[in-house]
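The whole structure should be built from the sequences, with the hints applied where relevant.
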Amino acid sequence: MSFTQRSSITPQLEFVFQLVLHIIVFVFYAFEKEAPHFDYRSIFFFINYAFAAVIINYVLLGKFYYKKKYVSFFSGLILILLAVFLIEELVLEPFFYPDTKGLRLSNVFLTLLDIAPIIVILIGFKFALDALKKQNEVEALQSMAQESELKYLKSQINPHFLFNNLNNLYAHAIEESPRTPEIILELSSVLRYMLYDCKATYVPLSKEMEHLKSYINISELQIGERGEVTIHSNVDGNLKITPLILIVFIENAVKHSTASQSTAIQIHVEVTTDDEGWLHFQCVNSYHQQSNTESLSSGIGLSNVKKRLEILYADAHQLDILENGELYQVNLSMKLN
Numbered sequence: 031m032s033f034t035q036r037s038s039i040t041p042q043l044e045f046v047f048q049l050v051l052h053i054i055v056f057v058f059y060a061f062e063k064e065a066p067h068f069d070y071r072s073i074f075f076f077i078n079y080a081f082a083a084v085i086i087n088y089v090l091l092g093k094f095y096y097k098k099k100y101v102s103f104f105s106g107l108i109l110i111l112l113a114v115f116l117i118e119e120l121v122l123e124p125f126f127y128p129d130t131k132g133l134r135l136s137n138v139f140l141t142l143l144d145i146a147p148i149i150v151i152l153i154g155f156k157f158a159l160d161a162l163k164k165q166n167e168v169e170a171l172q173s174m175a176q177e178s179e180l181k182y183l184k185s186q187i188n189p190h191f192l193f194n195n196l197n198n199l200y201a202h203a204i205e206e207s208p209r210t211p212e213i214i215l216e217l218s219s220v221l222r223y224m225l226y227d228c229k230a231t232y233v234p235l236s237k238e239m240e241h242l243k244s245y246i247n248i249s250e251l252q253i254g255e256r257g258e259v260t261i262h263s264n265v266d267g268n269l270k271i272t273p274l275i276l277i278v279f280i281e282n283a284v285k286h287s288t289a290s291q292s293t294a295i296q297i298h299v300e301v302t303t304d305d306e307g308w309l310h311f312q313c314v315n316s317y318h319q320q321s322n323t324e325s326l327s328s329g330i331g332l333s334n335v336k337k338r339l340e341i342l343y344a345d346a347h348q349l350d351i352l353e354n355g356e357l358y359q360v361n362l363s364m365k366l367n
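Be aware that the sequence shown starts at 31, since it is given in my numbering, and climbs by one per residue.
Bear in mind the hints are in silico, worked out from the structure with no lab data behind them. Worth double-checking, as some hints may not be accurate.
[What the hints assert, rightly or not] Each computed DSSO-like pair below joins lysine-lysine, with the alpha-carbon atoms no more than 27 Å apart:
#  : residue 1 : residue 2
1  : K93       : K156
2  : K270      : K243
3  : K237      : K285
4  : K243      : K156
5  : K285      : K337
6  : K93       : K131
7  : K131      : K229
8  : K229      : K164
9  : K270      : K336
10 : K131      : K97
11 : K156      : K131
12 : K163      : K97
13 : K97       : K156
14 : K337      : K229
15 : K97       : K164
16 : K285      : K229
17 : K229      : K365
18 : K337      : K237
19 : K243      : K93
20 : K270      : K164
21 : K237      : K336
22 : K243      : K229
23 : K93       : K163
24 : K98       : K163
25 : K237      : K97
26 : K164      : K93
Right, dumping it as structure tokens:
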């Protein structure tokens, strides 16, 4: 999405803002409070100020000030103010007030003090508008960078998942396990979800739970008689969650339990939601600390999911990881959309 699409301040909207501002400033400038009326001659004097402000706003600011050419900017500013003074003193006042103000030149300093507030207001509004547009562009850039990072992080998950499970599938194929076709079928279902169903930033929680259960089925088939994998869920399926967050913790549990234990593997997953839209996820797995589980909290999977949580649920999640040498426990709470 382009900056123009993201920005709420279009050229047309800016024109309307400027028009309204000029009308308001003109009313305050031209209205005579002592004898309430508008003097038509004030229009021409105000046009002189407004034209100067337009040149400053749309020429000097863009060409010099924003490019940090301050000497050129202030030199141009002085020349424009001098031109405003000369037009008022040598053209407008002699024409409209030939018998009074037009008889002599006014003090330059005092005249500029009268002119300055009007021009400053007109310039200040444009300056604030430009700052707001710049902020919109910065936010758009940050959003685009964040989207790119999320896509990259999500793209890491598929090969990471596939690598781990192909190794397990290879082991079953070598052993000519009768469960190999079943594992392939479940793996196909999981990969289909990863490749086609979770391209959006958020997906229905019901779909994510189906995906988790398919993965747990694969894990049960892999572990077989060596232990058990259980899942308990009670969730509001209409809530939405960013895909492929929870599965990383389950995958990590399976990987380290099977790597460190040949029997008595225990993996338990519980997922619930409450009335306020919070999801509570717990994954507990057994492991043997003496085995090859020195880096339980490292690897692409966990570092990836932590980064995604920081981006998508910055102030709306709490992740706690506990281990005691026998059990590894992940507790995650997330405020869902």
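Against the structure, the hints:
1. The straight-line distance between the Cα atoms of K93 and K156 is roughly 15 Å, inside the 27 Å bound, and the hint therefore holds.
2. Taken as a hint, the K270 and K243 pair is honoured in the structure, with Cα atoms around 17 Å apart against an allowance of 27 Å.
3. As the CA atoms of K237 and K285 are separated by approximately 24 Å, the hinted pair is consistent with the 27 Å bound.
4. As the CA atoms of K243 and K156 are separated by approximately 57 Å, the hinted pair breaks the 27 Å bound.
5. Under the criterion of a C-alpha separation no larger than 27 Å, the hint pairing K285 with K337 is consistent with the structure, at around 21 Å.
6. The straight-line distance between the Cα atoms of K93 and K131 is roughly 36 Å, outside the 27 Å bound, and the hint therefore fails.
7. The straight-line distance between the Cα atoms of K131 and K229 is roughly 73 Å, outside the 27 Å bound, and the hint therefore fails.
8. Straight-line distance between C-alpha atoms of K229 and K164 comes to about 30 Å, which puts the hinted pair past the 27 Å bound.
9. With a C-alpha separation of about 19 Å, the suggested pairing of K270 with K336 holds against the 27 Å cut-off.
10. Only pairs whose Cα atoms come within 27 Å are accepted, and K131 paired with K97 is rejected, the gap being roughly 40 Å.
11. Distance hint between K156 and K131 is unfulfilled; the C-alpha atoms sit about 32 Å from each other, more than 27 Å.
12. A distance of roughly 16 Å separates the Cα atoms of K163 and K97; the hinted pair therefore holds under the 27 Å criterion.
13. For the given pair, K97 sits about 16 Å from K156 by alpha-carbon distance, which is consistent with the 27 Å threshold.
14. Taking the CA atoms of K337 and K229, the gap is about 18 Å. The hint holds against a cut of 27 Å.
15. At most 27 Å may separate the alpha-carbon atoms for a hinted pair to count; K97 and K164 meet this at roughly 14 Å.
16. At most 27 Å may separate the alpha-carbon atoms for a hinted pair to count; K285 and K229 meet this at roughly 26 Å.
17. Taken as a hint, the K229 and K365 pair is honoured in the structure, with Cα atoms around 21 Å apart against an allowance of 27 Å.
18. Pair hint K337 plus K237 holds up; C-alpha atoms about 23 Å apart against a cutoff of 27 Å.
19. Distance restraint check for K243 and K93: the Cα-Cα separation of roughly 61 Å exceeds the 27 Å cut-off, and the hinted pair is therefore not satisfied.
20. Pair hint K270 plus K164 does not hold up; C-alpha atoms about 32 Å apart against a cutoff of 27 Å.
21. The straight-line distance between the Cα atoms of K237 and K336 is roughly 22 Å, inside the 27 Å bound, and the hint therefore holds.
22. For the given pair, K243 sits about 19 Å from K229 by alpha-carbon distance, which is consistent with the 27 Å threshold.
23. Pair hint K93 plus K163 holds up; C-alpha atoms about 17 Å apart against a cutoff of 27 Å.
24. Proximity of K98 to K163 is assessed by CA-CA distance (about 18 Å); at most 27 Å being required, the pair is judged to hold.
25. Distance restraint check for K237 and K97: the Cα-Cα separation of roughly 51 Å exceeds the 27 Å cut-off, and the hinted pair is therefore not satisfied.
26. Taken as a hint, the K164 and K93 pair is honoured in the structure, with Cα atoms around 16 Å apart against an allowance of 27 Å.
The structure fails hints 4, 6, 7, 8, 10, 11, 19, 20 and 25 (numbered hints given earlier, in ascending order).
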